[in-house]
Amino acid sequence: MKLAFQLAYRNLLGAGLRTWLNVGVLSFAFVIIIFYNGWIDGWNQQARRDSIAWQYGFGQLQVATFDPFDPFSITDAHAALPAEDDHLTPVLLRLGTLYPQGRTMSIVVKGIDVNQTVVDLPTSALTASKSDLPAIIGEQMALASHLKTGDEVLLRWRDIHGTFDAATVTIAGVFPNQVPGIDKGQIWVPLKKLQDMTLMPDEATYFIADANFQHTEIAGWKYRSQEDLLYEINNIIKMKKMGGSVMYLLLLAIALLAIFDTQVLSVFRRQKEIGTYISLGMTRQQVVGLFTVEGAMTSIFAAVLGALYGTPLLGWIAHTGIAVPMNSQDLGIPIADRMYPVFGLGLILATLMLVVISATIVSFLPSRKIAKMDPVQALKGKIQ
Amino acid sequence: MNSDYVISLRNVAKHYPIGDGRFTALQDINLDFSQGEFSGLVGPSGSGKTTLLNIIGSLDSPSEGTASVLGKNIATLSHKESAQLRNREIGFIFQVYNLLPVYTVFENVEFALLLQNRSEAERKKAVMDALEWVGLTHLADKKPSKLSGGEGQRVAIARAMVKRPSIVLADEPSANLDARNTHGILQTMKDLNRELKTTFLFSTHDEKVMQYLERIIHLDDGRIAQDEIVHAQSTPT
Ligand SMILES: Nc1ncnc2c1ncn2[C@@H]1O[C@H](COP(=O)(O)OP(=O)(O)OP(=O)(O)O)[C@@H](O)[C@H]1O
Ligand SMILES: [Mg+2]
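From first to last, the protein sequence lines are chains A and B.
In terms of the numbering used here, the first sequence opens at residue 372 and continues consecutively.
In terms of the numbering used here, the second sequence opens at residue 80 and continues consecutively.
Here chain B stands alone, though its shape is the one from the complex:
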């Protein structure tokens, strides 16, 4: 295990018990990600993309092998330690945004900081900075139900970024967005990746997203089919 890597996966497998036997969702996964990488898991539905992201995000644990995130073995963390890791170091972005419906945009973004017991002034500054990155300061007091899809996903990005995490895991972030919004949020994330050196890992089967990726890992039936470094367009058309 090389501790220079932000994420290190060794022989990771995930099995689910099904009836008498088991279903293998992931197998022989060996991957390393360095800080600042902008990469994506690509593959057909059911190929194991979400499962792998969840293991890296310590929401799930591997059935075999070891997954290390920031030098910590996911499988051996206590509930509290893994919660802490998610709270400080990992930002999640989901396909359906998963914004908390009763909270305002500001409160949604603020949430992770509340858990960190940061002072109100500190929180306010960090939240407004994050909203500025995604260009939504004017919607701070709105409820998620009043937002468009693109705006909702931008809030989710702000929420993931507000704590300046080491890693952002984005599971099909563009699935519910049109082309214009997809390019918009990808450009925003790319900028943040450059500026803050945050490591981004996507899962996608969206060509528009792939244009931005610097590294594409093809998953097929839970195995790595191909791991390629690509020349990303910085300003795709």
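In isolation and in its complexed conformation, chain A is listed as follows:
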């Protein structure tokens, strides 16, 4: 085996340009695969981080009938906990209608404990406000409703009996964020206020848990752990990953095709050499091994070359980030204006394995022909 590597190394260096073309293309595939996956991984980590910091906390205890993906489930999703828990921050959700500049906007009104610290929502703006019914909204909501800090807007809602009521809301702050789940189509008001407005004292739709919360079963409530809550994000990221893999697998396929082609050609063009190897005492299997190792080594060279230009390049990208041009909250998961790819060791090793193993396979397949070669014909260069 060591010998095969030694000889393959000599042969590859000796083959010159063709080797370097293959190495170049493959190294490019290598870097692109790592770049793309690192980008998605970075996005994933940022999305998870932001979701936890702004929305999910360390888990949520929800009214059993509440379905975050079905706004109509909100109507009946309100209840009081049998006992208070210091590790839970209550949030009450109600459907409402906002009338900014004569337009009608269906929204979710979210009441949250103004003294909470479990999520990054700037609820202190609610305490600071002198207005009777202050509200904070996210950037996207501000954009959609054309509301800004200091604006007043009419809000209509139903109380616990289904009776309509209305009041003027004062926008106490617009907070920048990257989490659609706390921004689009919603306003945040003080919990106590919302409970009074709806005649639902002490009630909540869900509670956000802090790090020290211990969950025990409570009838009528369901607990969703942090991982549970992140499930959707994971899914979307997974889909993105698969979607992107088509692109880079195509690139990898092109690189592998180049290696395959080289091998097919080599087996034909290097028959005299193959015959010479055999006359010098190699078995045909050894020659198959040598040719296979040559292909595998091409991929190792590619990894080295990729590391040479990829490390500074990707390192720089990871450091400065990539500006995301689109207004990407439409995707439904958090996405920053500037994303920082994360290039983990696992990703690099997995890519290395993928590239080396696939290169070895495409090198081996054409080389098998050598095992059936007649050395006499090979020496004469007469194999078609």
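Hints listed in this document are in silico derivations from the structure and should not be mistaken for laboratory results.
Heads up, the beta-carbon is just placed ideally off N, CA and C, and yes, glycines get one too.
There could be a bad hint or two in this list.
[As the list claims (entries may be wrong)] In silico lysine to any residue, SDA-like type, Cα no more than 25 Å apart, as pairs:
#: 1; chain 1: A; residue 1: Lys743; chain 2: B; residue 2: Lys203
#: 2; chain 1: B; residue 1: Lys203; chain 2: A; residue 2: Met372
#: 3; chain 1: B; residue 1: Lys225; chain 2: B; residue 2: Ser198
#: 4; chain 1: B; residue 1: Lys221; chain 2: A; residue 2: Trp391
#: 5; chain 1: A; residue 1: Lys555; chain 2: A; residue 2: Glu574
#: 6; chain 1: A; residue 1: Lys753; chain 2: B; residue 2: Glu251
#: 7; chain 1: A; residue 1: Lys643; chain 2: B; residue 2: Asn166
#: 8; chain 1: A; residue 1: Lys611; chain 2: A; residue 2: Lys753
#: 9; chain 1: A; residue 1: Lys753; chain 2: B; residue 2: Asp99
#: 10; chain 1: A; residue 1: Lys519; chain 2: A; residue 2: Gly533
#: 11; chain 1: B; residue 1: Lys222; chain 2: A; residue 2: Phe672
#: 12; chain 1: B; residue 1: Lys203; chain 2: B; residue 2: Asn272
#: 13; chain 1: A; residue 1: Lys753; chain 2: B; residue 2: Val181
[As the list claims (entries may be wrong)] DEER-style ranges, computed between Cβ atoms:
#: 14; chain 1: A; residue 1: Leu374; chain 2: B; residue 2: Ser224; range: 19 to 27 Å
#: 15; chain 1: B; residue 1: Asn196; chain 2: A; residue 2: Leu716; range: 33 to 41 Å
#: 16; chain 1: A; residue 1: Leu384; chain 2: B; residue 2: Asp208; range: 26 to 34 Å
#: 17; chain 1: A; residue 1: Thr682; chain 2: B; residue 2: Asn196; range: 48 to 56 Å
Fit chain B with the ligands to the known structure of chain A by using the hints.
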């Protein structure tokens, strides 16, 4: 079969399938070679010289009869055993040299020893000795493409001899050489034959080569037409 012989051929025949029938390249070949013989197969093109050398070198196998090399029946060897036989006991010299183009002269000569897993120091000494026999130590780092025809064939001789094989099979080694180089390499091989007791078997239709041979086997249409011991000139003019 007499095991005193380095090479022993009994009723060897080689047929190739052609269309519905077959083409007979060799027939009724009975030959024995003792250690240290310096002999050659002579005959017109297509008479079967290369085919016979390839059978002896275990690159090919006879369709009929038995070919024994160093007491081993070629036909019954496994791939590994025949590779091993070629690696240790048989040196090939080809008409077109067949040097590995991407390797240096040194590496070309070293190749067989690499397969034997010999230590680097051992390899280096053996390679430099072999290059010295053929007078090419100064070209050790050159690539084959930089060599003249005579130098290329000398490298091929060094490569065949470096492992000190029992047998060297040289298939028309002078076909691409001028007279001066032909005499040069033949003299070198003759010296090695004397010094190391290596058995040499040539195929040739070159008169200059024949002058050196001690035994000439004439092949015609795949049969032995004549097998003669000749008085070789040790220093031909
Ligand atoms: N694989 C094959 N199939 C059919 N015929 C073959 C095959 N190999 C060799 N022959 C035939 O066998 C005969 C002997 O060939 P061989 O190469 O041994 O001749 P040779 O004496 O070495 O000739 P030359 O002096 O031209 O090298 C030739 O007629 C050749 O065409
Ligand atoms: Mg021939």
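Right, here's what the structure says about each hint:
| no. | hint | in the structure |
| --- | --- | --- |
| 1 | Lys743(A) <-> Lys203(B) | violated (34 Å) |
| 2 | Lys203(B) <-> Met372(A) | holds (21 Å) |
| 3 | Lys225(B) <-> Ser198(B) | violated (28 Å) |
| 4 | Lys221(B) <-> Trp391(A) | holds (23 Å) |
| 5 | Lys555(A) <-> Glu574(A) | holds (24 Å) |
| 6 | Lys753(A) <-> Glu251(B) | holds (19 Å) |
| 7 | Lys643(A) <-> Asn166(B) | holds (17 Å) |
| 8 | Lys611(A) <-> Lys753(A) | violated (51 Å) |
| 9 | Lys753(A) <-> Asp99(B) | holds (21 Å) |
| 10 | Lys519(A) <-> Gly533(A) | violated (30 Å) |
| 11 | Lys222(B) <-> Phe672(A) | holds (23 Å) |
| 12 | Lys203(B) <-> Asn272(B) | holds (22 Å) |
| 13 | Lys753(A) <-> Val181(B) | holds (22 Å) |
| 14 | Leu374(A) <-> Ser224(B): 19 to 27 Å | holds (24 Å) |
| 15 | Asn196(B) <-> Leu716(A): 33 to 41 Å | holds (36 Å) |
| 16 | Leu384(A) <-> Asp208(B): 26 to 34 Å | holds (27 Å) |
| 17 | Thr682(A) <-> Asn196(B): 48 to 56 Å | violated (37 Å) |
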